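Participant: Sequence:
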Amino acid sequence: MENGKLIETTVQFVRETLKNAEGGHDWWHIHRVWTNAKLIAQTEEAHLLTVELAALLHDIADSKFHNGDEEIGPFTAGQYLRSVNVDATVIEHVQQIIRNMSFKSSFGKTVFHSPELAIVQDADRLDAIGAIGIARAFTYGGFKGRELYNPEIKPNLNMSKEEYKNSSAPTINHFYEKLLLLKDKMNTATGKQLAQQRHDFMAAYLQQFYQECGL
1 MENGKLIETT
11 VQFVRETLKN
21 AEGGHDWWHI
31 HRVWTNAKLI
41 AQTEEAHLLT
51 VELAALLHDI
61 ADSKFHNGDE
71 EIGPFTAGQY
81 LRSVNVDATV
91 IEHVQQIIRN
101 MSFKSSFGKT
111 VFHSPELAIV
121 QDADRLDAIG
131 AIGIARAFTY
141 GGFKGRELYN
151 PEIKPNLNMS
161 KEEYKNSSAP
171 TINHFYEKLL
181 LLKDKMNTAT
191 GKQLAQQRHD
201 FMAAYLQQFY
211 QECGL
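When the letters of the sequence shown are read in order and numbered with the numbering used here, they come out as residues 1 to 215.
By construction, these hints were calculated from the structure, which means they are not laboratory data.
Worth double-checking, as some hints may not be accurate.
[To be verified] Computed list of lysine-lysine pairs in BS3-like fashion (alpha-carbon distance at most 30 Å, straight line): (1) Lys154 to Lys185; (2) Lys19 to Lys38; (3) Lys154 to Lys38; (4) Lys19 to Lys5; (5) Lys144 to Lys19; (6) Lys192 to Lys154; (7) Lys38 to Lys185; (8) Lys154 to Lys144; (9) Lys144 to Lys185; (10) Lys38 to Lys5.
Only a predicted model underlies this, so the values are computations on that prediction, with no experimental measurement involved.
Let the sequences and hints guide you as you build the complete structure.
Facilitator: Structure below.
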């Protein structure tokens, strides 16, 4: 299948699969990550088809919504890509990107690296910070029934991977446990540049939040 047609077919597959997804992990999240990935790829040496497919399929079956199963995403992406006759080498690369790109993957030893992973990971992290990131954090917190803020529950800055996966802490804690850390975890020059402004916006938001709380 010609690359343009393959991307178009993949977009249709993802939109259909995620039509009832939680608001922070829906098609429009995918679309933003895909757009960011293409932007970052302009200044990096990378295989663009792999970047686009990984960006489009990275949350096709997020473990958060599948009982913590971290293999269901790579498995589902692989099933789809084989069904449209994508080259086996590209399929394996896309699966490895999906398997290794999440924030929780950084808790362990990272054994897979590629320019394509760096790009898609940065694109996904950009969507976790800034105005969109704030909106997504509170959307997911509401979905999970979490408190907005509780000054008696302090952020845990030394969590294990399992503690992170099982956390039910207030959403504001998530800023300190993940979102404010992402700026310094960006891989690419473009990612770092775009992350700084979004990071600054979150810092200003938190200052305003505490001011309105009378703290």
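Participant: Take the hints in turn and mark each one as holding or not.
Facilitator: Results for each hint:
1. Lys154 to Lys185: holds, 23 Å
2. Lys19 to Lys38: holds, 23 Å
3. Lys154 to Lys38: At roughly 38 Å apart (the allowed maximum being 30 Å), Lys38 and Lys154 break the hint.
4. Lys19 to Lys5: Holds: Lys19 and Lys5 sit about 21 Å apart, inside 30 Å.
5. Lys144 to Lys19: holds, 19 Å
6. Lys192 to Lys154: Distance ~28 Å between Lys192 and Lys154 Cα, so the pair holds.
7. Lys38 to Lys185: holds, 19 Å
8. Lys154 to Lys144: holds, 19 Å
9. Lys144 to Lys185: holds, 26 Å
10. Lys38 to Lys5: holds, 17 Å
Hint violations for this structure: number 3 only, all remaining hints satisfied.
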